[in-house]
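Novice: Chain by chain, the residues:
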Amino acid sequence: MTKRFGEITALDRVNLSIEDGDYVCVLGPTGAGKTTLLRIVAGLLELDEGEIYIDGKCVNNLPPEARDTVYMFQQYALFPHMTVWQNVSYGPEIKDRDREKVEQLTAEILEMVRLAERRDAYPHELSGGMQQRVALGRGIASGARILLLDEPLGALDARLRVSLRTQLRQLVKDQGLTAVHVTHDQEEALMMADRVVVLRNGRIEQTGTPHEVYSRPHSIFVASFVGGANFVEGTIIGSSDAGSIMEVFGGLQIQVAVSDVGAGERAVLAFRLEDTGVGEEEVTGANNLPGVIESATFIGGSMEYEIRLENGVSIVSKILMSDTFKAYTAGQRVVASFPPEKGHIFPYPVMGLLKEVEVI
Amino acid sequence: MPEVKLVNVTKRYGKIVANDGVTLTIKDGEYVCVIGPSGCGKSTLIKNIAGIITPDEGEIYIDGRRVNELPIEERGIGYVFQNIALFPHLSVWGNVTYGPRVRGLSPEETRPLAIEMLEMIKVSERSDAYPNELSRGTQQKTAVARALTSRAELLLLDEPLGALDVKVRAALRSELKRLVKDLKLTALHVTHDQEEALSISDRVVVMKMGRIVEEGAPINLYTRPKKLFTANFVGEANFLPGEVVKASGKSILVELEEGVEIRAEASGQRMGDRVVTAFRPEFVNVETNGVNRLKGRVVDVLYSGSTVRIRVKLGNGSIVVAKQMLHSEAATIRGGDDITLSIPPQRILVYPYPEGGLEKELALE
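Those sequence lines, one after another, are chains A and B.
Residue numbering for the first sequence is 1 to 360, as defined by my numbering.
Residue numbering for the second sequence is 1 to 365, as defined by my numbering.
Careful: at least some of the hints might be erroneous.
Unchecked claim - For the chain A half of the interface with chain B, some residues (derived, Cβ under 10 angstroms), not all of them:
no.	residue
1	S17
2	H81
3	M82
4	Q86
5	R159
6	T209
7	S224
8	R272
9	I293
10	K318
For the record, the hints were derived by calculation from the structure and aren't laboratory data.
By construction, the Cβ of each residue, glycine as well, lies at the ideal position given by its N, Cα and C atoms.
Model the full assembly from the supplied sequences, consistent with the hints where possible.
Specialist: Laid out in structure tokens, this is it:
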């Protein structure tokens, strides 16, 4: 699929297939083309090139209402003058004149989205989360088998957003629907999706299960955008079947898994904040990086330590504050460490490292 | 560095009491975050201090001076809100120097101020750019710089990062904290994002229905919340109701539904008390040799980056969530597995059973 807006190529030869019953999250920064992709599948935008198939049938020329899809915006777009019941039953009423059937369906759906008791309320009387559920109920009532969700949790408070993640996924799964969910929130995508599609500048950077994308990122961008990582520049100085060795600024040598980057070439090493341990002594078999704690930031359930290494580079270690947690304070000398197999090596990017990892 | 003091501040909108007798002191140089669900009154609180609205009752003091009737521009504050309000026809430089110019400062006086601010927020290179040429994150940083060139020492931030992508938000919050601390400002920051509040502030104030529920240092509020509401709103927790069946010395025994028993540290409970036990998912261990063993079956395992969330249905039908690092042994657990969980007694918080019922107390909407 290719879609251009003037000089901007919003989607650039995107190939993607979504299996029946899958919950797919399309993840990417602002301007990546996520919403364009979703609107094209919905039929709200026309493609410049390429084809879209739903159930084996090319739908390029089908109008939105004939595609078996329902598109849900971040703004719920409920009818303000209609009650919860009327909003949900509106679609089926138009399609299907059988009053009894419509009533039964509406009642079932309201039960499902846990709004049966608020059936007579108007949208403005409901919280954001409830309005979101009404919109979802209305989407399901349309009978479409494919839900296209554009930042469905984006307008909600952080705490509510988190608690609705599992509910939304469960609902989609219980109904046997297929869902394409667009979000910029990587934690949301990792938690909800069967498969994650990482989009950047109109192109797919990587697709895979949340676990694959997180544990084997294909690019610096994916490592940075999905999950975040420490990035250290250096040069590969040797490789064997057992792995490669990278030398970083200051002469420190780091063991990593086998990489495609040849000896003598510049490279970027990425390792997860959560894979980076902190201790007072070296860990056998790991890469040990001595340094000093610069800051300790509590982020609710985890502690993030910023550690300045002896070569001047700062890295971050994120430790889950479980029962075995040990606290360190700023100024304390420590050894940061990570296992060689948790290090990912990438060729040094043409445009520089900063360009790949900047977020602002 | 100003100190802010609110005494019994009440603000009503018709029948709604948005701030209900709020008393709060923000010390010199302190970074305070106010959090709470939608409609809890946190924005009203900040608007009262800013002077955008006037309280119906109560007093507001800045540096010991009562400011209730003082107009906004005389309160010595910088105010930044969620919807970035830069002047679109002015460059970054024009925006940042606007305040000093209006106050009649000469270009010679304004220049070093603006240069310093743009340095601080690392936007110097973009000083000729117009707002529409900047990313939203950079726009918001510019808005903060503009608020600070007024030489305000009290910064009021109303969801300053709310309109930004998650990644940008996380990057900006550490910059914001550094800026406030380097410039020795006092900051009050309203947010609905508890992680933001915990990571950025010296003290967190939790609000609900116009009142302060609880306040404290981030780590204390998270690990030892005094109120059930806080335990639920600040971070995630498991909540299991029960009855105290043994209370002797330092520990108590709580009988949960269907006779499951767990031990917790005593904190003034008596035999027969109806209570709610609460514990964070990261303190639930998936090992069979710990204390407080709970048997159940795995409902599902959800993956979230470096951690896995294991939902377990206990024999009594309750659901418990355990959160473990991915590289721990927990990673091999699958849905349908029989499992034994354990929770260290010192990690179990015990609250009186809420009058309105548990479900109502935990509702977020």
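Novice: Confirm or reject each hint.
Specialist: These are the hints, each one checked on the structure:
Annotation: interface hint on A:S17 violated; nearest CB of chain B at approximately 22 angstroms, more than 10 angstroms. Residue-level restraint check for A:H81 is violated (minimum Cβ-Cβ distance to chain B is 22 angstroms; threshold 10 angstroms). Hint status for A:M82: violated, given a least beta-carbon distance of 20 angstroms to chain B, over 10 angstroms. Because the beta carbon of A:Q86 sits about 21 angstroms from the nearest beta carbon in chain B, more than 10 angstroms, this interface hint is broken.
Checking A:R159 against chain B by beta carbon gives a least distance of about 6 angstroms; that is within 10 angstroms, so the hint holds. A cut of 10 angstroms between beta carbons decides the hint on A:T209: the least distance to chain B is about 8 angstroms, and the hint holds. Proximity of A:S224 to chain B holds as hinted, the smallest CB-CB distance being about 9 angstroms (cut-off 10 angstroms). Here the hint on A:R272 is kept, as its CB sits about 6 angstroms from the closest CB of chain B, short of 10 angstroms.
Against a cut-off of 10 angstroms between C-beta atoms, the interface hint on A:I293 is violated, since the closest Cβ of chain B lies about 15 angstroms away. For A:K318, the interface hint holds, since its Cβ comes within 10 angstroms of a Cβ in chain B; the closest pair sits about 8 angstroms apart.
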